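Let the sequences and hints guide you as you build the complete structure.
Per numbering that gives the first Met the number 0, the sequence shown starts with residue 0, numbered consecutively.
Hints in this document: simulated from the structure, not taken from any laboratory. Honestly, I wouldn't trust all of these hints.
[Unchecked claim] Below, in silico cross-link-like pairs of lysine to aspartate or glutamate (EDC-like), each with a Cα-Cα straight-line distance of 20 angstroms or less: (1) 181 / 192; (2) 174 / 128; (3) 160 / 192; (4) 181 / 169; (5) 160 / 49; (6) 181 / 145; (7) 174 / 192; (8) 174 / 151; (9) 181 / 139.
[Claimed, not checked] Simulated restraints on C-beta separations: (10) 41 / 142: 31 to 37 angstroms; (11) 43 / 142: 20 to 26 angstroms; (12) 132 / 31: 53 to 59 angstroms; (13) 43 / 145: 17 to 23 angstroms; (14) 145 / 57: 21 to 27 angstroms; (15) 49 / 11: 28 to 34 angstroms.
Because the structure is a prediction, the values reported are computed rather than measured. Ideal Cβ positions, reconstructed from N, Cα and C, are used throughout, including at glycine.
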Amino acid sequence: MPEHTTTATELTSQYAAQVTSDLESNLKEQERVSGEIAAMQQQLATLQHDHTVLVNMQQALGIAPEPAEHAAAPEQATAPTSHKKTARRKSTTARAKKTTAPPSRERADKPAKKAPAAASTAAQPSLIELIRQHLADQREPRSTAEIAAAVDQTHPERGIKNTVVRTTLENLVAKGHAQRSKQGSSVYYTAPDAPQPTPPSPTQSQQQEETQP
Numbered sequence: 000m001p002e003h004t005t006t007a008t009e010l011t012s013q014y015a016a017q018v019t020s021d022l023e024s025n026l027k028e029q030e031r032v033s034g035e036i037a038a039m040q041q042q043l044a045t046l047q048h049d050h051t052v053l054v055n056m057q058q059a060l061g062i063a064p065e066p067a068e069h070a071a072a073p074e075q076a077t078a079p080t081s082h083k084k085t086a087r088r089k090s091t092t093a094r095a096k097k098t099t100a101p102p103s104r105e106r107a108d109k110p111a112k113k114a115p116a117a118a119s120t121a122a123q124p125s126l127i128e129l130i131r132q133h134l135a136d137q138r139e140p141r142s143t144a145e146i147a148a149a150v151d152q153t154h155p156e157r158g159i160k161n162t163v164v165r166t167t168l169e170n171l172v173a174k175g176h177a178q179r180s181k182q183g184s185s186v187y188y189t190a191p192d193a194p195q196p197t198p199p200s201p202t203q204s205q206q207q208e209e210t211q212p
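This is the structure in structure tokens:
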């Protein structure tokens, strides 16, 4: 009896030690996986932010978005299916051919319906055109916030941000399509042909005083 009791006690101790070791390994693995998940979530948030900035830059530069590459995948996937349908049509009767004809016509009509939507999207003016038109209509310098508010008021569906407007204005200034001026710490923009108000020189003011009676 004492030998059996000793053996049972040793087994219990071994199992307890094994369970404790497994728990420690499990906790360490959880910490490792949690760290990887947090890092991947942070990376995903960074990629999403970069995507938003790039889309806004694309709109600011007036570049039309390119069609998604994966759009061709469904067409390629339907090719084997069409071959199978052709084989089935050959083995069926003429009545089966008539029943399968209408769906193919409906599929052919669907791409044609998407054309007006694409045309309406292409007809919208770019952000560069909107900002240049706004500056041309103004007689006084305008700040970035004022320009962004005015453009957003006329085109609220575009969700224009101040950072994108500022970047677009700097690009216009670099290309000579807009002028930039400073008043203290504030920056203002005008159209390139807008007259810049300049104070009279001392010589001009003295001549004006001499000509007065």
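Item to check | Hint check, failures only | outcome: 3, 8, 11, 13 and 15
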